Amino acid sequence: MFPTPGQHAPEARDIVEGVARVVAVEGGNVWLEPEQTTACGHCAGKAVCGVTPGSARLVARRFQLPNDHHLQVGERVMVGIPEQSVRRAALTAYGIPLLLMLAAGVTVQKMGGGDLQSAAATLAGLAVGIGVVRLRANTLSGRGELTPHFLRRITAVDAECGLDRS
Amino acid sequence: MQDIILLIVGAALVNNVILARFLGLCSFMGVTTRVDTAIGMGAACTFVITVSGMGDWALEHYLLEPYGLGYLRTVTFILVIAAAVQFTEAIFRKFSPTLFKLLGIYLPLITTNCAVLGVCLLLVEGKYGFMDSTLFAFASSLGYSLVMVLFAGLRERVALADVPRLFAGPPIGFITASLLALAFMGFSGMGAK
Chain L
414 MFPTPGQHAP
424 EARDIVEGVA
434 RVVAVEGGNV
444 WLEPEQTTAC
454 GHCAGKAVCG
464 VTPGSARLVA
474 RRFQLPNDHH
484 LQVGERVMVG
494 IPEQSVRRAA
504 LTAYGIPLLL
514 MLAAGVTVQK
524 MGGGDLQSAA
534 ATLAGLAVGI
544 GVVRLRANTL
554 SGRGELTPHF
564 LRRITAVDAE
574 CGLDRS
Chain P
1107 MQDIILLIVG
1117 AALVNNVILA
1127 RFLGLCSFMG
1137 VTTRVDTAIG
1147 MGAACTFVIT
1157 VSGMGDWALE
1167 HYLLEPYGLG
1177 YLRTVTFILV
1187 IAAAVQFTEA
1197 IFRKFSPTLF
1207 KLLGIYLPLI
1217 TTNCAVLGVC
1227 LLLVEGKYGF
1237 MDSTLFAFAS
1247 SLGYSLVMVL
1257 FAGLRERVAL
1267 ADVPRLFAGP
1277 PIGFITASLL
1287 ALAFMGFSGM
1297 GAK
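Quick note, the sequences are listed as chains L and P, same order. Residues 414 to 579 in our numbering are what the first sequence spells out, letter by letter. Residues 1107 to 1299 in our numbering are what the second sequence spells out, letter by letter.
For reference, chain L alone in the conformation it holds in the complex:
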């Protein structure tokens, strides 16, 4: 999905890039499956986490894009998402529930609550936080901020230069 009119396209250096493979074409859309990224590609945990092509974990991370570039099944493409979106998503997903649960727990403790009351308040704060995250994520998704953009097809030059890995 490309920036809508009025939105500024992020500069190349502000884009987090990743490689994805086209796994299905449905009407005017394509389904893409992200390939393993550097985050776990160089780690000893690679074998443990089971992130291999076609694994359930990667299937769950498949996403849809409009097929404006006439992509075919099996093609590898470079997709990107603004760096700011990743930061915002991380803070939304983890920051909000954490802050709410800590605030609830500390408040109850300062009001003279014991361990059990604090634990109950913390869990309640976590539940509320998850609800807030859901609403916030829907807003961000609605704006298209969490959707990767098509950048380019992976070419032989990319592969030779090592640019086909994020």
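Some clues are possibly wrong.
Chain L is faced by these chain P residues, among others (derived, beta-carbon under 10 Å) [said to hold, decoys possible]:
{"hint": "1", "residue": "I1145"}
{"hint": "2", "residue": "A1149"}
{"hint": "3", "residue": "M1160"}
{"hint": "4", "residue": "F1198"}
{"hint": "5", "residue": "F1206"}
{"hint": "6", "residue": "F1236"}
{"hint": "7", "residue": "M1237"}
{"hint": "8", "residue": "D1238"}
{"hint": "9", "residue": "L1241"}
{"hint": "10", "residue": "F1244"}
{"hint": "11", "residue": "G1295"}
Note that these hints are calculated values from the structure, not bench results. Remember, it's a predicted structure, so these values are computed and weren't measured experimentally. Every residue, glycine too, gets a C-beta built ideally from N, C-alpha and C.
Using the hints provided, position chain P relative to the given structure of chain L.
Relative to chain L, chain P alone:
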């Protein structure tokens, strides 16, 4: 309030998980090539460490300690960490598939991150109450995330520098890490617990 601030400063800066306790070094070197991956991993770790710290505290106080099952502590804590990771993943997958698609890649790596188990075992040594224990876990993981992001920023800059060929890659990374550790040693003078 002062005790909470001291606890947070002590756990996050003075006794930093990575630079003072040397835990989580695999992810410290492996996921810090870019700031955005460091932020993703750090945020995920912060959440999982805090949640598993709460679960571990409850099990320690209501099961392991009363029934003299301390020898099962490590196994139990590993199970709690794995459960916390699965819980987080399931929640994201159900309530926000878009966020899961964007950030879910970091979650499986946390299960094998020794910093998570290390912090949970430190909680037991500290003999904290529930809220102090949760705050300690949160602050420790906050310190972990802070160092990950700082180090990733340094590595992004070093990647653009003209480093002698012998030092390129991990060697200059380790030298940078040692300088960062020296900088963090400055916090030890603060005398927080």
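Comparing the hints with the structure gives:
1. I1145: holds, 5 Å
2. A1149: Status holds, d = 4 Å.
3. M1160: Hint holds; M1160 of chain P Cβ to chain L Cβ min 7 Å, cut 10 Å.
4. F1198: holds, 7 Å
5. F1206: The hint holds - F1206 of chain P has a Cβ within 10 Å of chain L, the shortest such distance being about 7 Å.
6. F1236: holds, 4 Å
7. M1237: holds, 4 Å
8. D1238: For D1238 of chain P, the interface hint holds, since the closest Cβ of chain L sits about 9 Å away, which is under 10 Å.
9. L1241: At about 7 Å, which falls below the 10 Å cut-off, the nearest Cβ of chain L leaves the hint on L1241 of chain P intact, so it holds.
10. F1244: holds, 6 Å
11. G1295: Because about 28 Å separates G1295 of chain P from the closest Cβ in chain L, which is outside the 10 Å limit, the hint is violated.
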